[in-house]
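K.L.:
Each chain, letter by letter, is given below.
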Amino acid sequence: MGSRASTLLREEEIEEIKKETGFSHSQITRLYSRFTSLDKGENGTLSREDFQRIPELAINPLGDRIINAFFPEGEDQVNFRGFMRTLAHFRPIEDNEKNKDPTASEPLNSRSNKLLFAFRLYDLDRDDKISRDELLQVLRMMVGVNISDEQLGSIADRTIQEADQNGDNSISFNEFIKKVCL
Amino acid sequence: MTDLCEGGMDDLWSIAVVLLQVWFSVMIGFIMIPAMFGLSLGVTSVYIQILVKILEWATLRIERGHRERSTLPVPAPLPFGLIQREGGSMEQEMGELRRYRTQSISRGEFALSDSFYFYIKGLESIVDDQVTQRFSSEELVSWNLLTRTNHNFHYISLRLTVIWGLGVIIRYCVLFPLRITLAIIGLTWLVIGTTLVGFLPNKRLKNWLSELVHLMCYRICARGLSATIQYHNKENKPQKGGICVANHTSPIDIVILANDGCYAMVGQSHGGLMGVIQRSMVRSCPHVWFERSEMRDRNAVTSRLRAHVAAKTNLPILIFPEGTCINNTSVMMFKKGSFEIGGTIYPVAIKYDPRFGDAFWNSAKYNMVNYLLRMMTSWAIVVNVWYLPPMTRREGEDAAQFANRVKSAIAHQGGLLDMAWDGSLKRAKVKEEFKEQQQKMYSSMVMGKKGRNSQEPHTESTRRQ
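From first to last, the protein sequence lines are chains H and R.
Following full-length UniProt numbering, the numbering of the first sequence begins with 1 at its first residue and continues without gaps.
Following full-length UniProt numbering, the numbering of the second sequence begins with 1 at its first residue and continues without gaps.
Bound-form chain R, shown alone (with noise of 0.2 Å):
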């Protein structure tokens, strides 16, 4: 009896080692090698079609599901907020409540009524802000048959429940673990390639390789996320000497713009796993890592990063300056420090579809070990990536202007809208001196003065910091 049980765990065995060896040479030889040299097999593409017509598909179900369960209307998708506003500055809407009365806003004084106006504010933005909403994930206008952003939407029909079944077990079970394989061999394979060129004395041959080892696991990486990746204005890539600054939605924002070029990275040193990969990376080119005490003080860091722009063969550093992941409606304000180093700004929008997964890291709400399963159990990761021409600043013009500047152009670019808030606000509360600004403009009226600024204040853009 036991020698049977033996000969069948014996062969149990063996066909568990040749299935592995199956798995590995398809992984190598369909996967790896073509992202290593930057092919395509073309599969990704083809999945991403038939993924869009059954999308395209299962929004029409839920429509006509949505019609035949109620008379009621569907709800409409909301581009612009919940709620309809009236879109006049402070001095027209407090004229509109006084109409009632014969004075006008000329003449000054104070009407009862104009307290209405910061109420009617005030309820508008219970009900419907513009801030908070950049730090959750963006609301899709139909779902995408993953639970995650099952928002509102109930039982429509057995077809529609099969294929998200289908969707589950074809996410959690075929893709998830390729996912997972690729992204650990191309980190492994970064630590070691970083190293092993570090040993490397000759100046030329180094930075060669080091940048062929760097892109090789980036994509590696990204066909670790099944990210299919679109670069548009490839003339204006970021130039070495220069500083390439994006819009943040993610720590992926990294693996998107590094598949196609190498970057000299800024941040904070980390300890475990994130610091053996930050210190290998270093040894084969130079990027910038900061201790946590050296981050508080402004002028090392932009003196570090003036000497690391100076020396013209590194690296263009890449700069995230909105300081934290906003979800890829909007892009906020930009921080002002990275635009006083001086040198070639390069802009870069990135925009990512969101009906294939949602890339936006609320790192309240998740932290990154969470985020990135996440991340490996989404249809796809499917991105927009513009390179915008390069700017410098101009005459006159100071370091904040010169932030918004480059705020709008990437905003523009990306289809995004530009918002003047900060990203702090995520965390901090909001300046005292944005409500002495509304004071400051009520008052004004109050005692009549004319000729004054009737833009609303924080759209201003010559407020400091």
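Chain H with its partners taken away, still in its complex shape (with noise of 0.2 Å):
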């Protein structure tokens, strides 16, 4: 219910969470309110289950890929903070950021930390380079059954080909960064 909501979620709590990602008080009262929504058990985390009942995400071809962004190494729950940091990446860039403080950390939507969340996107095992295996697997995801291995295979290594600046025969993050934008 909806008052239970705005009281389940202390003050203190807001406050964290708004200098931990940049959002707003009203924006994270409302994504509360979703986080709760999509909470059927009423346990206060999130399962894969609960992800994949939006139908608009069971029927996205990567959708298990963005699922498993949100959860943490190993764990089958997320809670509301873990669900607010992942969605932190995807905050607009502001030109102005109210804490502009020199010393502190890079905020989580920098134009870099959203290319690296991209970048672990196809990178699953994290040694820092998308290699021709990881390459297929989203490929496969994303054609589903209406290309042929081989086809798929020489789009791999098209793609490794024109990225690839070392000689590693896998994309690094600095090839990565420099195939998806200018």
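Hints were generated in silico from the structure; no laboratory data involved.
Note that the coordinates shown come from a computational prediction; the quantities given were computed from them, not determined experimentally.
A virtual CB, placed ideally from N, CA and C, is assigned to each residue, including glycine.
Warning: the hint list may mix true and false statements.
No farther apart than 30 Å at their CA atoms in a straight line, the calculated lysine-lysine pairs in the BS3-like style are these [unchecked claim]:
id	chain 1	residue 1	chain 2	residue 2
1	H	K40	R	K351
2	R	K237	R	K312
3	H	K179	R	K435
4	H	K40	R	K234
5	R	K440	H	K114
6	H	K129	H	K114
7	H	K40	R	K365
8	H	K114	R	K435
9	R	K312	R	K234
10	R	K440	H	K129
11	R	K237	R	K206
12	H	K129	R	K435
13	H	K40	R	K435
14	H	K178	R	K237
15	R	K440	H	K179
16	R	K429	R	K440
17	R	K429	H	K40
18	H	K178	H	K114
19	R	K440	R	K365
20	H	K40	R	K431
Quick list of simulated restraints, FRET-style, between CB atoms [said to hold, decoys possible]:
id	chain 1	residue 1	chain 2	residue 2	range
21	H	G41	R	W57	24 to 30 Å
22	H	K18	R	D297	34 to 40 Å
23	R	L417	H	N68	48 to 54 Å
24	H	K18	R	M265	52 to 58 Å
25	R	M265	H	I14	34 to 40 Å
Please assemble the complex out of the two chains, which come individually in their own frames, going by the hints.
P.N.:
Given below as structure tokens:
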């Protein structure tokens, strides 16, 4: 129920999340109601099934990857802080961020953090390189059964060839950045 | 001492009896009898007008309180969702993502940024999606002084709280007993009346009396909910031998529609109280009640309905093709079964005014009794009913396309969003084929084929169920 949502989230928590993620007060309360409406078990955490219940996400070819990005290593539940931390990457970059503190760490939604997030969606084993296999995995998820293995393999090879600059037959983060934006 | 006490008790008892008599005569005189004959004393409309004024005042007061409290802007209502979305098709948006490189979509091939399109769409749907919000109550722009819709509203002023308190007292202590009594009287009269009419042999008299009994009882029940119903375009009212289809928000839809005409109901036969009501209704005029086992057999259902429609003197069937309750902000996919029966379809659009009470039945959260209690403790039920001109299936149109055509007409008239998603997603998982459609579309882009229809998959209306 609506009133329950606003009372369960304390002001101090909202302030902490605000500092950490940069979302505004009203954005945080809105996202909290969204979180509670997805939380069918009403235990303050979301499981993978809760995400799968969103039809638009369930039909997304890369839906499982996105869901995985919310869950920390080896865990099956994500709480509201973790939820917000992941979403914070996608907050639009503002020109005049209020906490322009040079000693503070880079905000979660900075350009390079956004790109790092996207890079990590390819690079599952976190070795800072997108290998041919990892690229093939994502490709296969996106095209389904409509393209043969050989064709897909050649697409992957071509992509790596074009992007790879240091000849290690995989794409590093810097090579990735160069490829996706000028 | 005991004499005095007994005397006192007798006095109290006689006062109670007098009060009860007054109560009943007020009820019968002022509410039931006018209701039975479709007249109105105008009390409800005055009540609604007062309510509207109070709610408007409350809205202004809340906004003012909000402004005084903080320098942040008042959160604006969000008609199209929480976030700003790009509206383009898959091709357009991927082209945008690729523009950093000089590779265009038409040449095909894969780009690393293509996956971003899916990630963006996926994250947008996590923050706010079009479907799951239809299965919970509509969010109000401003609080309507009911605790149950209290979403984010904090204490603003003493006057507002006092009015809210008064509202609680009036709703629970005055209106609620009144409504419960009316509902009980209405239902009892329905059972008794239809059983009595069932004994009559004569066809025409029986039908006329049966219609009268049904109408009276539904009108009493409507008063039992303080329902104010506005019917539009009455010239399009469903005729005998036709099929009436409407969007479904709550079980009360039946009461709303039956206040203005007689329909043959279609549904599952229940046990208990519902079963008693169903069995007595069938005695006076033919309704179509199915056993649970019969419901699974599509052919049996269709042939029984077809037989009912074919007898031109039977009352129009009332069907809700969505199959489940939706929250009255959109119309979801119509199941094509009702549109295969043949006959003329009379579409009806029902729109509730959410300010006076939330009519949506969230069957996952509340059971029927709980729901009815909530209905009876709302301010009122204000509803608009539009009768649309009759439609029939065109040449070369299959049942699914016809269903979509009717659905769009209803959505357009009622000011609701027309959605192609299936209402059964409330409980069931979405079909794999939608994912496969997206994969297919992307594959054709990668292989560089031109001339494909670039519409998003689930808005195509030629999809088989």
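K.L.:
Indicate, hint by hint, whether the structure satisfies it.
P.N.:
Structure-based check of each hint:
1. H:K40 <-> R:K351: It holds: about 28 Å lies between the C-alpha atoms, which stays within 30 Å.
2. R:K237 <-> R:K312: 16 Å, holds
3. H:K179 <-> R:K435: The given pair, whose Cα atoms are some 28 Å apart, holds under the 30 Å limit.
4. H:K40 <-> R:K234: Measuring from Cα to Cα gives roughly 43 Å; hence the hint is violated.
5. R:K440 <-> H:K114: Measuring from Cα to Cα gives roughly 28 Å; hence the hint holds.
6. H:K129 <-> H:K114: 17 Å, holds
7. H:K40 <-> R:K365: At roughly 10 Å apart (the allowed maximum being 30 Å), K365 (chain R) and K40 (chain H) satisfy the hint.
8. H:K114 <-> R:K435: 26 Å, holds
9. R:K312 <-> R:K234: Distance ~21 Å between K312 (chain R) and K234 (chain R) Cα, so the pair holds.
10. R:K440 <-> H:K129: 28 Å, holds
11. R:K237 <-> R:K206: The given pair, whose Cα atoms are some 22 Å apart, holds under the 30 Å limit.
12. H:K129 <-> R:K435: 28 Å, holds
13. H:K40 <-> R:K435: 24 Å, holds
14. H:K178 <-> R:K237: Violated: K178 (chain H) and K237 (chain R) sit about 66 Å apart, past 30 Å.
15. R:K440 <-> H:K179: 25 Å, holds
16. R:K429 <-> R:K440: Holds, because 21 Å separates the two Cα atoms, which is no more than 30 Å.
17. R:K429 <-> H:K40: 15 Å, holds
18. H:K178 <-> H:K114: 14 Å, holds
19. R:K440 <-> R:K365: This hinted pair is violated, its Cα atoms lying about 38 Å apart.
20. H:K40 <-> R:K431: 21 Å, holds
21. H:G41 <-> R:W57: 24 to 30 Å: 41 Å, violated
22. H:K18 <-> R:D297: 34 to 40 Å: Violated, since K18 (chain H) and D297 (chain R) (Cβ atoms, about 58 Å apart) do not stay within the stated range.
23. R:L417 <-> H:N68: 48 to 54 Å: 32 Å, violated
24. H:K18 <-> R:M265: 52 to 58 Å: With Cβ atoms ~54 Å apart, the hint holds.
25. R:M265 <-> H:I14: 34 to 40 Å: Given a distance of about 50 Å, which is not inside 34 to 40 Å, the answer is violated.
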